[in-house]
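Colleague: Taken in sequence, the protein lines are chains A and B.
The first sequence runs contiguously to residue 330 in our numbering.
The second sequence runs contiguously to residue 1252 in our numbering.
These aren't lab readings, by the way, just hints derived from the structure by calculation.
Quantities reported herein were computed from a predicted structural model and do not represent experimental measurements.
Here a beta-carbon is modelled for each residue, glycine too, at the ideal position from N, C-alpha and C.
Some hints here could point you the wrong way.
As the list claims (entries may be wrong) - Some chain A residues near chain B, calculated using beta-carbon distances under 7 angstroms:
1. V12
2. F15
3. V24
4. I27
5. Q33
6. A141
7. M142
8. N150
9. L153
10. A269
What the hints assert, rightly or not - Below, a list of computed lysine-lysine pairs in the PhoX-like style, where the Cα atoms sit at most 25 angstroms apart:
11. A:K132 / A:K51
12. B:K1217 / B:K1188
13. B:K1034 / A:K54
14. A:K7 / B:K1224
15. A:K54 / A:K65
16. A:K70 / B:K1003
17. A:K7 / A:K70
18. B:K1103 / A:K7
19. A:K65 / B:K1034
20. A:K7 / B:K1188
21. A:K7 / B:K1046
22. A:K39 / B:K1188
23. B:K1188 / B:K1014
24. A:K54 / A:K7
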Amino acid sequence: MAASERKRSIIVGLFTFIGLIILVAGILVIGTQQNKFSKNLTVTTYFKDVKGLKVGNNVWFSGVKVGIIKEIGFESVENVRVIMNVEEKSSKFIRKDVIATLSSDGLIGNAIISLVGGTESFPQIKDGDEIKSGVSGGMDAMLATLQVNNENLVEITKNFAALSKNLLEGKGAVGAMMTDETIANNLKQSVSSLNGTMTQANQAVNNLVTLTNKLNSNQGLIHELSTDTAVFASLRESAAQLQGVTQTASALMSNLNQTTERLNDKDNAIGVLTNDPEAANEIKQILKNLNLSTEKLDQNMEALQSNFLLRGFFKKKAKEEAEAAKDSIN
Amino acid sequence: MAKKIETLLLEFAKIHRFLMRFFREVVSPPYEFKEIIRQCYEIGWKSFPLISLTGFIVGFVFTKQSRPSLEEFGAASWLPALISIAIVRALAPLVTALIASGKVGSQIGAELSSMNVTEQIDAMEVSGTNPFKFLIVSRIIATTTMIPVLCFYVAGIGLAGGYLSIISKDQLSILSFITQVFEAIAPKDIFAMVFRAIVFGFTIGFVSTYVGYYSSKGTEGVGKAANSAVVASMFIVFIEELLIVQVLALMG
């Protein structure tokens, strides 16, 4: 009986003990998470607006939790006093010139205080210190930017609305195109003619293809030209000769040039002939006179032929000619 | 009508006398330590398997049921916080109290009322043992201490069940789970839990012993006492839950 009694007592004791361990463990875990048992420094800061910060919310430094908010109260009309507990073991990394800003630990998370900045040259924070508060970035800045974006978006959509209205009413090039039927018809025609052109272009390309195929085959002039070195050498030679020719031609041309220049001048015979209208008239006169003279000479000559003195000579000559003609026939 | 009110008032007076007598007896020696330990064994250890299993199932099922609605707005990662608030603040003491009032309450009610029927209580008085001290005080002390202990177990096991339910879908390390669970609750939540469990334990013990002690003589009195011990203690537990929630909300 006494043994079972003892056993029962032990079981009850153990049972209760383990139950209490669960409780104590829970309390300890919460306590450590909320810095109830670690040594803390009290640091004060002032905000104009704490935006729903609550006692017990976290204090972060460089994204690491270093403490919790201990007390929030009014200091004056403009200021809200925030007292926070900061772990002593983290305090050596936090400098006196650190700035407290409000932020949140997620998009819709709890409000927290985030300690920002701090320079090495400043001493570390001590118990009872007062630090500056800064303008919070993060969410608010983001929302402000978003607001600007929204305004731009409104402007853009407004412009689009005006644009689409114009389109609908047929204003402007695009609007006219979309609403005017004749333009559409023209466009259709253009497209169909373009289509025809394209077909022809296609044929041309096909021809080109056959041509290039031929060129590529081992026949034809081009191939010879591009492959035969002998032809190329001779071509080069002819080109060189051509160059010589052109040089000669160039010299000739310059001579000609000089000649024509001289022709243009009046101080030589041909120049006078070509350039002087008086001379031309005189020459014309001379030629006319000459013409008359030759006519008269012709008459004279005919008269001379019939002259007895010369008639024998001419008869003889005619006979010789007739014989020569006979010989050539035979 | 007047008679009914009179009976009710008399009942209240009886309850008040019973309560006062308990407080008197609990501080005055001799102390029945052995009997208290025996009752603790009966009430605490014997109902431990049932209550811990219930706690596990509650934690597991509650997590499983909460997941879809949290997932609906992409907050499945807040499950640990939700479970911890639900279990530590509300479910652990309540579930423990309900199961205990079913198991322990009926047991105490039936035991005391059958002692009453068989006149063992009178016999005890004759033999010089104080029956109130031996039967009532020891049981009330046992429930008042054991139900908070059971409640701690339920909280721990319920959270473990919740963790198992979470890792059946998500990958979550136990360390991360514990961090998130304890981030969501404050020390005052744990003290509220302990306070509640003590109140519920005392209520169950008190109601069951009162019903059993003053049960009507006869066989049907035993059944009636066992029944009303369960019903009354559960009912009062709920009313107390309501009041405590209000008071704690006022205290912040």
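Colleague: Could you work out which earlier hints the structure fails to respect and list their numbers in ascending sequence?
Modeller: Numbers 3, 6, 7, 8, 9, 10, 12, 13, 14, 16, 17, 19, 20, 23 and 24, in rising order.
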